[in-house]
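Residue numbers (the numbering used here), protein chains in the order written: chain A, 1 to 479; chain B, 480 to 958.
In short, the hints are calculated from the structure, not lab data. The reader is advised that the hints may include incorrect statements.
[Said to hold, decoys possible] Among chain B residues calculated to face chain A with C-beta under 7 Å, some are: (1) 564; (2) 697; (3) 727; (4) 799; (5) 811; (6) 847; (7) 905.
Yeah, the Cβ is synthetic: ideal placement off N, Cα and C, and Gly gets one too.
Protein chains: 2
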Amino acid sequence: MSETAVGYAREQGQRFVSELKDLLRIPSVSTAPEHVGDVRRAAEFVAAGLRSAGMEQVRLIETSTEASQGRPGHQGHPLVYAEWLRAEPLPDGSARPTVLLYGHYDVQPAEPLEEWKSPPFEPTERDGNIYARGAVDDKGQMWMQVKALESLLKADGRLPVNVRVIVEGEEEVGGEGIAAFVREHGEQLKADVALVSDTEMFAPELPTLTVGLRGMIYTELEARGAATDLHSGMYGGAAPNPLVALAQIIAQLKTADGHIAVPGFYDGIEEPTPAELEAWGSLPFDEEEYRRHEVGSTALTGEEGYSVLERTWARPTMDVHGVVGGFTGVGAKTVIPARATAKISFRLVPGMKPEETFARYKRFVAQICPRGIQVKATLIHSGDPIVVSTDNQYVHAATEAMAEVFGKPTVFVRGGGSIPIVGDFVRELETPTVLMGFGLPDDNLHAPNEKFHLANFHRGIESIVRFLDKVGEPAKAGS
Amino acid sequence: MSETAVGYAREQGQRFVSELKDLLRIPSVSTAPEHVGDVRRAAEFVAAGLRSAGMEQVRLIETSTEASQGRPGHQGHPLVYAEWLRAEPLPDGSARPTVLLYGHYDVQPAEPLEEWKSPPFEPTERDGNIYARGAVDDKGQMWMQVKALESLLKADGRLPVNVRVIVEGEEEVGGEGIAAFVREHGEQLKADVALVSDTEMFAPELPTLTVGLRGMIYTELEARGAATDLHSGMYGGAAPNPLVALAQIIAQLKTADGHIAVPGFYDGIEEPTPAELEAWGSLPFDEEEYRRHEVGSTALTGEEGYSVLERTWARPTMDVHGVVGGFTGVGAKTVIPARATAKISFRLVPGMKPEETFARYKRFVAQICPRGIQVKATLIHSGDPIVVSTDNQYVHAATEAMAEVFGKPTVFVRGGGSIPIVGDFVRELETPTVLMGFGLPDDNLHAPNEKFHLANFHRGIESIVRFLDKVGEPAKAGS
């Protein structure tokens, strides 16, 4: 049946892109209080899309749970839910599998605005790409799911499997709302497999499944010194400086060769298998090319003795994302600020637990805190690291669907980023997850000039159609 | 003759304060491009005040010299000049001395605004103080000079000495404009002594002359890593992070015990004399009291083996004032910024040269720059450290004037801050400088809730009247 749906998708492709542009125009920046209304508008747009696709029980689910109240950056953005559970039974009378589709409609902030070649919320086509904040992460990829469902429902009048859809609006701020929903109302998302469209391909034209993700803890480290801001001329040499203290602490978190110095940090981490390392070794990856064209720095950093893929997929890291405090305007102000805060995150790999890592970090910064300074570490959000088993019918179905669309074998990779909900699906729902993504390495995720390759948008829809079809096939489902 | 002028000043005191409030309402923040017009309004206000005081040749002097063009933070704010050079000759026919009065009408930014108890540009009286940005630094003190001149001219019809006045609008951004003017047109400021009203008293009710100031270099250190902002999940562990690099560099600039690690940094510095150290030892200063009530931190920092007064007056230091780059909004963004900048300053003591210190620092940061990062150090502004000789008739006149007004002996101290123009007066004009200031240690200079004790405003006017009178007296001038 998928061929009719694929035909529909190809016919309607231009309209799908035009709708995506409408969605991209909504600045649904989940971390920004001033965009609360925009985030909700985006949720409503997605709900409308699901309704017109023919999905049922479409609704917004509010996320202001007790657990998520008062978390910094948490605005209580709604979930969008839809379902279609009327797939005809298998020949043996048993039910077809249920697939849970997941994506997110919120986006990262667009700053720094001056570096965008076209405005972040005015989607612009150039060279076969669509440029906008959220183009690939994740509005474009989430919209592929919606359009795959529409194609199947409009072309065939039904879906080959039972489907539930959950789309969140807080992925970029830690996903507290959906995590709480999964904990409290997990049965409403009951499924045999989850399909997550929020990852990327290893290289252009190379169909890719992601089978591992790093976890993370995102923290704020506050340092306080004097009771008020002081003049550095009058007090410099006697008053503690929180910005200097943060620098001293950060410098002690990671050694010059990239090793994290928090005691016990590496305890219990699971190394990739020799087979996995071998497979990574045969991926088309040129470190010098990556340095030059993807990173663009004079040298790469990180731990000695590990390849770049190991360092970004299978090794924990620490990064600083911003420092708040003091004078940051143009020119000069000679202030010793009373307080300053650094946004510091750690990426975690399988074998590490976010709570445990945070506790170790917190203990360590208290130990190394300089004289005259008081530090406070706050956990903003966290996500479990995960590894997906590749030996199941769903991964097989995805592998085949992508291989058919791209005309070459699908490769397995890991991702260095975190999709916290995947950990929750595994832990709370015991639902295996397929991470089938269509981004490209140069899509500028979280950066200025984010883009989505339009050919991949269309191939993504087709791959999802074929995947659902394969999962629904009796032979495959029973294999 | 000063008694009539003192009488006038006492009579008119309320009006003087009311005029000062009008001046304080003008947000003449010299570092902020959006306040260029306000800065000029403040200059015009000062010029009008000098004119109505009876000063002559009052005019604004533009400072957009070649030397100051294109400097970050430099807006080309005008100087205000005035003179009165008709003092009657001494009995022996020789000319009376010429006194150059110096102050500044620009102010520091008022941020963080939320910490002000009353708005920074709505001067408010509480408990005998006037609260406003610039109250003590330096509008209030500069206005004392203008009002002292007015009192003498209105009460006596003339001044006891020849007077030139130069008021600048760029003191808080490095004073490039006045420095260039002094270099290029120094003869227009020719004087026998400069009186600078921009310092503070050591303690309430303790008449104080400042006889030394630290110099400074204010720098921006830019670190660049990747070509664009990157996602810390995907690239963390391989891409260099400029914020981490800045932390690593800053942590290496100063050891944990406050010693600056830049090679050669301390070469050639002049220690205070044993007599000076002894005098400092007898000042009313309680380190624990200072820590608790003035700084308000759990401990003081700085070099071992030096008292707080030595550390803040006679030892060089390093401070960080702000870090620009990455994500500093509310919540979380997992970005590895392509670039970040730290505002870093060093305070210098006699024997150190700003250009030399900057060159050493620049060389050192290039040496310790982490792998994958490119650093660039820029000098934003600098000022020479100075020590004033206490053995001249002008310091004697100032000492006596203050002692008479306060009814107790005047003490000599140094200041930890920098007034760059004082170095220029000494170097370019060979004009000795008297630093007679009326601020108090808790006046919140450069911080929220800046204030000026109103009693000191009036005592300052009286002290300046008496000082000018004494400098003009034949017996004193010839002593």
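Hints versus structure:
Given the 7 Å rule on beta carbons, the hint for residue 564/B is violated: about 34 Å separates it from the nearest Cβ of chain A. Against a cut-off of 7 Å between C-beta atoms, the interface hint on residue 697/B holds, since the closest Cβ of chain A lies about 5 Å away. Below 7 Å, beta-carbon pairs count as interface contacts, and residue 727/B has one with chain A at about 5 Å; its hint therefore holds. Given hint, residue 799/B at the interface with chain A, holds; its Cβ is 4 Å from that chain's nearest Cβ, closer than 7 Å.
This hint holds: residue 811/B has a C-beta 5 Å from the nearest C-beta of chain A, less than the 7 Å allowed. A distance limit of 7 Å between C-beta atoms decides the matter here; for residue 847/B the minimum to chain A is near 10 Å, and the interface restraint is violated. For residue 905/B, the interface hint is violated, the least distance from its beta-carbon to any beta-carbon of chain A being 18 Å, above 7 Å.
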